[in-house]
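Letter by letter, the chains look like this.
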Amino acid sequence: MIKVQNLSKVFKTKTIETWALNDVSLEVNKGEFISIMGPSGCGKSTLLSMMGLLDRPTEGRIMINGIDPTQYADKELAKFRNQHLGFVFQSFHLINDLNVKENVALPLMYRKIGSKEAKYRVEEALEKVELSHRMSHLPSQLSGGQRQRVAIARAIVGQPSILFADEPTGNLDSVMGEEVMHLLMNLNKEGTTIVMVTHDEQQAKMTDRIVRIFDGKQVSVQAPKLDY
Amino acid sequence: MITYIKLALHSLKAKPFFTFITLFGISLTITVLLVVGSLLDTTYGNYGMEKKMDHVLILEQLRVTREGDGRSSSRISYQAYERYFSKLKTPDKMALMNIFIGQEKLYSGHHTETIQRKEVNASFFEIFEPELLKGRLFTAEEVIQESKVVVITDALATILFGTEDPLGKQVKIKSQNFTVCGVVKKGNSLRSNSFADVYSPLTKLPSWGGNMSPHLGGYTLLLYFEDKAKLEEGRAEVHQMIASLPLTKENKEESISGTCLTNIEVPLNNLFRIQSSTAFYSIIIGVVLLFMALPAFNLVNINITRMMERSGEIGIRKAFGASTWSLVKQLLMENTVISLLGGMIGFVLAALGILMINYYQLLSVNEYLEMNLNLFLYGLLITLLFSVLSGTYPALKMARFEIIASLNSDKQ
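Protein chains in written order, with the UniProt record's numbering: chain D, 1 to 228; chain P, 1 to 412.
There may be inaccurate statements among the hints.
[Stated by the list, open to error] DEER-style ranges, computed between Cβ atoms:
1) P/Phe376 - D/Arg61: 55 to 65 Å
2) P/Pro16 - D/Ile16: 35 to 45 Å
3) D/Lys217 - P/Arg400: 48 to 58 Å
I should point out that these hints are in silico values taken from the structure, not numbers from a laboratory.
Note that CB positions come from ideal geometry on N, CA and C, so glycine has one too.
From just these sequences and the hints, can you work out the full model?
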């Protein structure tokens with residue numbers, strides 16, 4: 001489903017060249033849940049951004065469903081992201097001026113979709129994360145766990161085939177983190193492919209595979225899924 | 001579209017201080033532009049009695065140069081009209097008028113009123129078509145005979161005669177008695193070509209004599225063309241006629257020239273000797289743009305600051321499928337909505353300002369500003385121009401933000 005080939009990312013300033021990723025290759029199969037682990041600054045979030053087409057690689061290719069979307073122009077790339085990919089971030093990244101319903105509906109805004117259909121999908125997504133009763137609340141009126149659940153609802157409202165989660169439990173306490181992990185596991189069971197960056201060894205062990213990154217390079221791949 | 005408008009209103013509600021500052025700047029600019037626009041439009045627009053003014057050429061001045069550095073300039077004399085200009089072939093109608101610059105006293109019973117009077121020929125009423133309320137306008141025959149009849153405005157009739165019928169009543173101007181033959185609706189004195197309190201038949205004054213050219217006098221000639229396309233042909237004919245006017249050798253006259261202008265060419269000609277309607281419109285557009293530039297740049301600055309604050313939101317939107325173009329559209333729509341809101345406030349303030357100017361007669365007696373649909377449409381155009389001027393650059397700048405950098409700047 002996702003094929004990453006010899007991926008490198010270099011950040012350049014006038015005087016310094018930093019290799020955030022160096023020749024990483026990786027494959028993610030359809031319906032798989034993989035986690036990417038490594039110390040801070042090792043390049044795991046950069047890898048996720050590249051795979052999620054949020055940033056362009058310096059070198060290498062990313063194939064998603066046999067297509068290389070990095071070759072797309074801005075408009076096509078935006079459309080591809082909108083239709084195939086979903087994102088959950090550590091800092092939630094909700095728009096504070098919009099309420100829960102409006103935040104969740106955001107990906108649908110950039111699709112040609114009727115308002116009734118959009119409303120139905122938003123309600124369905126919020127039901128899945130058990131936040132139907134908070135539809136008109138602003139993000140500032142929610143707890144961290146609830147915000148992350150809203151972010152998950154936003155990520156799945158467009159029914160993407162791949163979900164990228166960048167430390168989704170990083171800003172949550174253990175109980176809320178567990179709730180969010182539970183949600184992601186359920187989504188994966190329903191068929192969504194998930195790529196998650198995490199620091200938490202326990203959470204990583206719940207996934208199908210663990211990809212370990214160190215200093216911009218992939219160092220190992222493990223397959224230790226535990227029963228949950 | 002509706003979603004973008006909703007988003008725009010949402011974003012404006014979310015930042016009330018920014019919204020206030022922006023609305024204040026836009027509405028104040030639009031207010032000033034509309035009030036000044038109203039003054040120009042009332043003065044030079046084709047409305048009221050002057051609704052056909054764009055079909056008219058005005059021969060205001062002749063300039064006669066004499067040997068050495070002697071030069072005289074004035075309006076034309078009655079003789080010049082009678083002998084030469086009345087024979088012009090291209091105009092469909094010609095109005096001749098003698099404008100009494102300054103004011104005159106009118107006496108009627110125990111009333112003494114300061115009035116503005118125009119002596120005109122009968123064609124004047126065919127070109128300007130005042131709204132006749134009572135009686136009749138004077139005829140060409142009465143102009144030839146210099147009959148002592150006058151047409152007065154309804155406002156003057158009320159002052160002089162109250163509810164009594166003014167027709168047939170006597171008024172005295174410059175020790176001469178006139179009989180009121182008609183009452184017309186009062187015009188706006190900003191429309192100086194047609195405005196008067198009293199219209200009387202033209203008196204045929206002799207040339208000034210002495211060493212003045214016999215072509216110079218106190219009459220203004222208005223040439224009316226049914227077909228506007230014939231204006232230039234008419235102008236050429238007038239200029240040809242001026243060039244062929246005989247010079248008086250005893251006065252050592254060397255040359256004679258004159259300017260035949262449309263109404264909107266008059267101010268620039270008077271100020272800078274520029275005779276072009278294109279220049280008039282260009283200067284107006286230039287001044288409007290210049291006047292708008294300062295608040296627009298200010299708004300660009302505010303918009304950029306505000307958009308920097310919203311870079312997180314831009315990153316989020318991009319991550320979930322917004323293309324650069326859809327973001328530009330969204331941001332421009334926000335700017336358009338706020339500009340239109342500012343424009344509407346500006347319209348209301350301008351209307352109130354104009355009402356106040358008219359109510360307290362802040363310009364001058366008989367001068368009042370008017371607002372019409374055209375002005376409203378121009379205002380709308382200016383407002384939209386404002387939104388494009390102040391929104392495009394910040395929108396383009398913001399839409400080009402990198403997603404990751406934008407997300408990293410997002411403070412949750």
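Checked hints:
1. Checked against the hint of 55 to 65 Å, the pair P/Phe376 and D/Arg61 passes, with Cβ atoms roughly 58 Å apart.
2. About 43 Å separates the C-beta atoms of P/Pro16 and D/Ile16, a value consistent with the hinted range of 35 to 45 Å.
3. One distance hint, 48 to 58 Å for the beta-carbon pair D/Lys217 and P/Arg400, is violated here, with the actual separation near 32 Å.
Consistency note: the structure conflicts with earlier hint 3 alone.
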